[in-house]
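Protein chains in written order, with the numbering used here: chain H, 201 to 440; chain Y, 201 to 440.
Each hint can be trusted.
Because identical chains share one entry, a pair is satisfied inside a single copy or across any pair of copies.
Below, a list of computed lysine-lysine pairs in the DSSO-like style, where the Cα atoms sit at most 30 Å apart:
(1) LYS319 / LYS363
(2) LYS208 / LYS340
(3) LYS340 / LYS319
(4) LYS321 / LYS363
(5) LYS340 / LYS363
Just so you know, these hints were derived from the structure itself, not from any lab. Every value quoted in this text rests on a predicted model; they were computed, and no experiment measured them.
Protein chains: 2
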Amino acid sequence: MTNHTEIKALVFDVFGTIVDWRSGVAREAAAFLHRYAPQLDAFEFADAWRREYSPAMEEIRSGRRAYVRLDVLHRENLVKVLNRNGIVGVPDAEIDALNLAWHRLDPWPDAVEALHRLKRKFIVAPLSNGNIRLMVDMAKRAGLPWDAILGAEVVRAYKPSPKVYSETVEILGLAPAELCLVAAHNGDLAAARRLGLSTAFVARPTEHGPNQETDLGAEQAWDFVVDDLGELANQLLPEA
Amino acid sequence: MTNHTEIKALVFDVFGTIVDWRSGVAREAAAFLHRYAPQLDAFEFADAWRREYSPAMEEIRSGRRAYVRLDVLHRENLVKVLNRNGIVGVPDAEIDALNLAWHRLDPWPDAVEALHRLKRKFIVAPLSNGNIRLMVDMAKRAGLPWDAILGAEVVRAYKPSPKVYSETVEILGLAPAELCLVAAHNGDLAAARRLGLSTAFVARPTEHGPNQETDLGAEQAWDFVVDDLGELANQLLPEA
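Excised from the complex, chain H in its bound form (with noise of 0.2 Å):
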């Protein structure tokens, strides 16, 4: 187990984790549909878009396909998604519109005044597979104050790539205990401990809606599990 008073950094994973993704995908979908499909649920149109997600990296974790963004994934999802659905002929100035939806989704109720208080002792930075364009037009909007923007394309990979955790470790100067890694995601956290970094589990049990079955609690003995940022501020913060 990790000594908490050496950590020295903290990266969160992002989607699920920061930001609630599916709302705010089916938020920003909604007008769209409205007028191109107005059959389709919103919430099961963001569910069907993020269906894409992983295998869309998988194809560039196992070396088939050079990195590329997200933003360029997501924007190929989406047309796969469209045409599945029999939706065609969308202007491509709509569809990338539509795109945006990722850069403007809202954080947890707990995720901004608990990342004010963590960035006063530790460096805070996403670890995210969004690109920095699309963490930077998030963080803005939802006034997430990050010290930079790590993550996938700063290091030209996907997680849970090991290079992604071991490259962050690198850039951050630290040794690999000193980075603690925040996710709702067992397997992001899994990958993130094969390569010593601390961790932190943080329970977001709607993020795939209210039938969610995965990610429910924490598999392994993770160095912190809470129910959210605000908690765990609390144990790296004891003094406050």
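Assemble the complex: chain H is given as a structure, and chain Y must be docked to it using the hints.
Just chain Y now, kept in the frame of chain H:
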């Protein structure tokens, strides 16, 4: 000339443009020199250390050496300067500590407030040859409100290599003219302009001390020419 209304993001040179590296390094080195070489002037020591900066990066820009981050070059350069002055037998940990001088530089008096103003409308980020951790430490200490840390380490190349500017444009998803480089150095701005970026010159006539002879004024008709960053904010935010 750039239509000012199209600029979406501002990236800043840092050493000399945002922070006063000479005074900062001299201040950080003073106690060390007092112990090991009391005959040396701290400002001359800072200048000597800085003189190794461009030649060290040139090894990488020329392709003779693979990219390593600036913290590594700074440390190698420091050892050279110590050896040249007959300062030997310094414990590694003390050299490491002095090398962090570059992480603890103070901003020019106009920088922090102007960045806060500019950040309301624009993406603001460093485009420095300094590495990510150096920029993060500096920003946290000085209160520089960057939206992201861009620059050499993100693209693994040193300014003024064209790739630094062109890849940064691509990362931000902008047309070149939508990105404005703010710098106190005509050479940096010239390299950015060759790639189509917008340009802003800010005069820092004492960056190199009271006898500075270079970069005292704009050497081309840059899109903006200002005496400090507050003036740049006034021009870019006319409504304020």
